[in-house]
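We have chain A already, so just place chains B and C on it with the hints.
Residue numbers (the working numbering), protein chains in the order written: chain A, 6 to 108; chain B, 49 to 552; chain C, 1195 to 1359.
In case anyone wonders, no lab produced these hints; they're calculated from the structure. Using N, Cα and C, we set each Cβ at its ideal position, and we do this for glycine too. Among these hints, one or two may not hold up.
[Claimed, not checked] Label pairs and their computed distance ranges (CB to CB):
#	chain 1	residue 1	chain 2	residue 2	range
1	B	494	C	1289	28 to 38 angstroms
2	C	1203	B	93	41 to 51 angstroms
3	C	1203	B	249	44 to 54 angstroms
4	C	1209	B	248	26 to 36 angstroms
5	B	288	C	1209	39 to 49 angstroms
6	A	7	C	1320	29 to 39 angstroms
7	C	1261	B	111	39 to 49 angstroms
8	C	1320	B	248	49 to 59 angstroms
9	B	472	C	1256	53 to 63 angstroms
[As the list claims (entries may be wrong)] Reference excerpt, derived from the structure (chain C facing chain A, CB under 10 angstroms, subset only):
#	residue
10	1203
11	1218
12	1242
13	1266
14	1293
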Amino acid sequence: MEIPLSWYLILAAILFAVGVYGALARRNAIAILMSIELMLNAVNINLVAFARYVTPRELTGQIFAIFIMMLAAAEAAVGLGLVLTVYRNLRHIQVDEINLLRS
Amino acid sequence: MTTTWRELGYLTPELVVLLGAAAVLLLDLFLPRGRRRVLGGVALVPLGVALGWVLRALWAQSGGPSQLHKVFGALLLRDPYSLGFDVVFLVAAILGVLLSLRYVEREALPAGEYYALTLFAVFGMMMMAMSAELITLFISYEILSLAVYVLAGIARGRAVSAEASLKYFLLGAFASGFLVYGIALVYGATGTTVLYDPLGQSASTISGLILERGLFGNALLLAGLALLVVGIAFKAAIVPFHAWVPDVYEGAPLPVTAFMSAGVKAAAFAAFARLLFGGFRNLGEVWQPVLWVLAVLTMVLGNAAAIRQQNVKRMLAYSSIAHAGYLLVALAAYTARDVAIGSVLYYALTYTAMGVGAFAILLVVGQEGEANQELSDYRGLASRHPWAAAAMGLFMISLAGFPLTAGFLGKFYILNAALRADLDGLAVVLGLASVVSWYYYLRVVWFMYMTEVPKAAVRPISRATSLGVAVAVAALLVIALGVFPSTALAVAQMAGHTLLPLGY
Amino acid sequence: MTEWILFVVLSVIAIGSAVMMLVGRNPVHCALWLVLTFFCVAGFFLTLGAPFLAAVQIIVYTGAIMILFLFVVMLVNPEREGEPAVPASHRRAGLTLAAVLLVVMVGAITTRSGLGAIPTEPGGVTLRQVGTALLTEWMLPFELTSVLLLVAMIGAIVLARRRIE
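For reference, chain A alone in the conformation it holds in the complex (with noise of 0.2 angstroms):
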């Protein structure tokens, strides 16, 4: 017996959210990131589950699943970069303290 797309949806939303929570109460700029990288592999869920149940003819959304893995190794080392430019010049990555320009 096969699962209904809706199952696959929720799940994805669910792990999104989760990612969004991260994101956004996390203030160590690593612990972000990887909130962010989750929120992605959700959405990646989400693509092929639709190109298995809405386009099985097509591959639309396999492919950009990958693209969208592409995104993801390209974002982490930027990031990663930003984060050790940071760190090298303030000696930590907590966001909340990085505020000197609001002084």
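Relative to chain A, chains B and C alone:
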């Protein structure tokens, strides 16, 4: 499906910019350290060539029938709309590079990477304006975003700059998450990612399927559209997704700020208009009220924040939010689509000239650095440096939207679109917001012309040729667009008509 | 029946380890929990008939991205500082937004008719089909991705390399 050389030919300006980026990177490898200043000049070449190609293509179509080509299947559209926005991006980039020439050298930034990333960002913008398909649009958006995140943080030794770019990156990546989620849901609801087909050859597009299957109240589609709007609103710095703007604009190197405030915003609006007017035109009644609210919030809060600033750089940052609000008014006027799209394009071009021009004066007065940005540093500028003061005055009254300036005409056409679409309330808010903005723009003029400083406190300004050229180009553009608007307007209107040639 | 058991088990592990990643204080532990989630997502791809994506998921995410994360975690050595307690206001704001989003999404998913449908055609996409699609219909985005990766590479090098004067 085959892509012919002829089709690739339509992408000439994009490919020229891309090859230029590669050339800059390779040259950087072979040039001795002392000679790297030429890289900025090298970067200007592909930008100039691309601008020439685009202007020639637009010139060839003015008066005659406009041309519209699909490239790579239905993924890209080479139409006057994308060409018109290419002009905006290329002008912003050329002015940005001119502002950078001395700055990059003085601050010892890595020149090769700096100019290459600028060109990559322009490439991303140009692809965004052409995209008629969501996956292509998204990847172009990310090329632009990643390049700009790095540019904002490229002054690695400055703590302010590093922090600002990290914040910008984290918020931007977060917004990208919403954007892809939105795209995924729209794809799930319709089964396609192609926005629309202006030639009417294919019905299996988002816009076609909404009509065909009657997806007007489809919850998945609407949720997807909402997430898409959030993702793009972030990039366009629309309230309430604008929290990053002041910090990033202040923390980024000044030439990068100038380039971002004009180019990135124009790219976001180019994609936004194509998305809403092309793909989701049949849901206009749904998204128009949302844009109405966002436009009011953006105009009111942008102006309210700008009025409180004593620092000219921060004032320009906040006021750029207000200008995004004016552009939103044009997007909300969707029942007067043809006029609305033209007014977005015209305003984007005028904002580029006057906005980047104002940032150029900041560099002149700040001696090419981040110094002297307080309002009080502009005391008596007119008697010391009349030309710089005159140019700044011109940019300020144009940004404020005084009659006979380009800024006035830009607002006038947006108001025209809003009134034609029966958005009287929005038009009134726009008018009031402009009147409020007179205060903080004219305050700069007042400080320059009506106040004096003792001789001892006078600080020298920069007399770099490249900055002078940038200011002159921006000032001439502002004057030309204000006094002879007909050519630019004709192009903008043609762009508006070709974005939706069928059925309207 | 096996599909249901597999789905439920994978879901529980995926959501559970995602939550563990959220509450964990030690970044290394967080990264390892996230790896477990990624493996479960790869499992979902298998059940959805996308074996190639499942392989790419494991290679790219756990093989490349998470290694990069761990590398940077080691470099910035977070144990010395620890993460400060999250202010309650932040936590409330995050929780509110995440909850609203979840409710809206679940509402949208369940009201849409036709989503309970099960696929009518057998699943399973071959590598050949993926490759053909990537290099014909989706060639342009594929090439654009290479530009994206180039930009990321230049950016990461510019940001992370030590100053050489």
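Please list, smallest to largest, the hint numbers that this structure does not respect. 1, 2, 4, 5, 6, 7, 8, 10
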